[in-house]
Amino acid sequence: MSGRFSAWSLLRAGLTGQRSWPAQWRAAAPKAGYEAVIIGGGGHGLAAAYYLAREHGIRDVAVLEKGWIGGGNTGRNTTIIRSNYLFAESSALYDHAVKLWESLSQELNYNVMYSPRGVLMLAHSVHDEQVFRRHIHANFVNGVDNEWLSAAEAKAYCPPLNISRDLRYPVLGGALQRRGGTARHDAVAWGYARAASALGVDIIENCEVTGLRLDGQGAVTAIETGRGLIACRRVGVSAAGHSSVVMNMAGVRLPLESYPLQALVSEPVKPVFPCVVMSNTIHAYISQSDKGELVIGASTDAYTSYTQRGALHVSLHTLEAICELFPAFRRLRMLRNWGGIVDVTPDRSPIIAKTPVPGLYVNCGWGTGGFKATPGAGHLLAWTMAHDAPHRLNAPFTIERFRDGTLIDEAAAAAVSH
Amino acid sequence: MLLIPCPECGPRAELEFSYGGEAHIARPQPDAVLDAEQWAAYQYGRRNDRGPHAERWRHARGCGRFFNVIRDTTNDRILAVYRIGEPRPRGGAAGSAADGAAGGAP
Numbered sequence: 000m001s002g003r004f005s006a007w008s009l010l011r012a013g014l015t016g017q018r019s020w021p022a023q024w025r026a027a028a029p030k031a032g033y034e035a036v037i038i039g040g041g042g043h044g045l046a047a048a049y050y051l052a053r054e055h056g057i058r059d060v061a062v063l064e065k066g067w068i069g070g071g072n073t074g075r076n077t078t079i080i081r082s083n084y085l086f087a088e089s090s091a092l093y094d095h096a097v098k099l100w101e102s103l104s105q106e107l108n109y110n111v112m113y114s115p116r117g118v119l120m121l122a123h124s125v126h127d128e129q130v131f132r133r134h135i136h137a138n139f140v141n142g143v144d145n146e147w148l149s150a151a152e153a154k155a156y157c158p159p160l161n162i163s164r165d166l167r168y169p170v171l172g173g174a175l176q177r178r179g180g181t182a183r184h185d186a187v188a189w190g191y192a193r194a195a196s197a198l199g200v201d202i203i204e205n206c207e208v209t210g211l212r213l214d215g216q217g218a219v220t221a222i223e224t225g226r227g228l229i230a231c232r233r234v235g236v237s238a239a240g241h242s243s244v245v246m247n248m249a250g251v252r253l254p255l256e257s258y259p260l261q262a263l264v265s266e267p268v269k270p271v272f273p274c275v276v277m278s279n280t281i282h283a284y285i286s287q288s289d290k291g292e293l294v295i296g297a298s299t300d301a302y303t304s305y306t307q308r309g310a311l312h313v314s315l316h317t318l319e320a321i322c323e324l325f326p327a328f329r330r331l332r333m334l335r336n337w338g339g340i341v342d343v344t345p346d347r348s349p350i351i352a353k354t355p356v357p358g359l360y361v362n363c364g365w366g367t368g369g370f371k372a373t374p375g376a377g378h379l380l381a382w383t384m385a386h387d388a389p390h391r392l393n394a395p396f397t398i399e400r401f402r403d404g405t406l407i408d409e410a411a412a413a414a415v416s417h
Numbered sequence: 000m001l002l003i004p005c006p007e008c009g010p011r012a013e014l015e016f017s018y019g020g021e022a023h024i025a026r027p028q029p030d031a032v033l034d035a036e037q038w039a040a041y042q043y044g045r046r047n048d049r050g051p052h053a054e055r056w057r058h059a060r061g062c063g064r065f066f067n068v069i070r071d072t073t074n075d076r077i078l079a080v081y082r083i084g085e086p087r088p089r090g091g092a093a094g095s096a097a098d099g100a101a102g103g104a105p
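Just so you know, the sequences run in chain order A and B. Under numbering that gives the first Met the number 0, the first residue of the first sequence is numbered 0, with each subsequent residue one higher. Under numbering that gives the first Met the number 0, the first residue of the second sequence is numbered 0, with each subsequent residue one higher.
Calculated directly from the structure, the hints in this document are not laboratory data. What you are looking at is a predicted structure, and each value in this text was computed from that prediction instead of being measured. Some clues are possibly wrong.
What the hints assert, rightly or not - Computed from the model, here is a short list of chain A residues facing chain B with C-beta under 10 Å:
#1 Pro254
#2 His312
#3 Glu399
Even glycine gets a Cβ: it sits at the ideal position worked out from N, Cα and C.
Please construct the entire structure, taking both the sequences and the accompanying hints into account.
Right under this line is the structure:
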């Protein structure tokens with residue numbers, strides 16, 4: 000590995016002007032063929048490549064990224080991590096990721112700044128409270144922590160919160176998952192890229208996939224890219240908002256629609272916000288990054304699009320909610336806003352599965368909540384590719400569930416309205 | 000925000016409209032015999048086009064009517080607008096012949 004991080008190496012580099020750091024991963028050119036290829040160099044794809052090499056001994060692996068590592072949704076989300084989903088299948092899936100987050104910095108020898116500062120989901124009506132209490136009970140049964148806070152307890156946990164009864168939608172309380180929190184999104188991509196590269200994985204940026212070749216039996220044999228043809232019989236697609244586009248190249252139509260999802264950050268301020276707060280009802284979610292910016296998530300636009308930008312009225316709606324819940328932030332200025340393209344399934348649950356095309360696997364449909372699942376999704380995609388069969392945890396998350404009617408409807412837990 | 004040309008009312012702000020999803024998905028006839036695969040394709044399969052995309056909009060806070068729009072999903076430009084029941088225009092549309100055949104379904 001190109002220089003292991005330790006207290007000693009940080010001290011030495013600090014004393015020598017930080018000029019001694021080598022490149023953190025190799026800039027690879029594509030070979031003629033690989034044992035396994037991952038399409039999509041975001042956190043999920045890089046994690047899958049890492050676990051293929053680390054846990055399954057498959058090191059002849061390439062990650063193909065049409066832009067740059069982590070430049071898609073990995074760099075565009077609001078970095079929230081939680082696992083308080085309603086159904087047993089979902090809470091097991093998301094909690095698998097949370098457990099991996101807990102030791103990820105040590106595993107990768109790279110500080111991903113995982114911070115379990117608590118995720119507080121606000122209730123604004125009797126119905127909200129009933130739904131959250133149902134979630135809390137379901138989570139309890141499934142061994143996932145989640146607890147009810149009264150409005151006063153929520154205020155004590157998050158002092159900037161406005162619990163006045165005069166709000167249009169007053170805060171009646173909230174569900175708190177203490178193990179939830181945030182991580183540094185770029186570091187997750189870079190950490191997985193560095194660790195995968197050290198195990199022999201080729202990370203190939205600026206390499207857009209333009210076609211998939213199938214043999215007479217319909218199995219995948221090669222990938223056409225902007226940088227030449229790559230032979231491969233084991234291909235994992237982890238292309239987020241562009242999953243439909245890539246899978247169409249193999250003639251597979253997925254139950255996905257791609258929408259822009261917006262986020263924005265404020266000017267940086269001193270530490271003022273201790274946790275993550277989400278409100279599904281009036282639609283706002285907010286946390287503070289270690290740089291001091293308030294990171295705010297808006298909702299999806301009404302229509303499908305691949306533009307990576309959203310309409311202003313969508314983020315304004317969220318800012319109105321933020322100003323109502325946190326009046327102290329009314330005079331903060333917003334520095335940047337942007338959009339990412341999220342692939343949404345009809346039941347708001349992901350697909351991590353084999354496809355009708357032998358040798359082709361897909362990890363998609365994470366919709367508005369993919370970041371939190373990064374380690375788990377990569378781990379399970381790698382497992383599925385290595386065994387040509389799903390892991391127990393992702394076995395329910397097939398494409399066929401839409402045919403068989405075994406949906407995992409997490410529309411209420413998905414938080415972002417869409 | 001999109002400026003959407005309603006065929007009845009002219010150009011109006013997106014806020015007046017609601018999105019109706021992919022156009023030309025014809026509901027199977029009541030007496031059609033479909034297997035689970037075909038039902039799933041009708042119910043959940045979506046083109047999710049990157050490029051010209053035929054979709055329905057409803058002028059919910061105006062005339063209330065549904066109509067069809069072809070919009071390029073790579074830049075959100077509206078390429079064509081046509082009424083329910085009219086065939087999908089050829090210009091700027093990458094749709095297959097099957098879409099044209101199914102045209103007219105709301």
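Structure versus earlier hints - violations, ascending order: none
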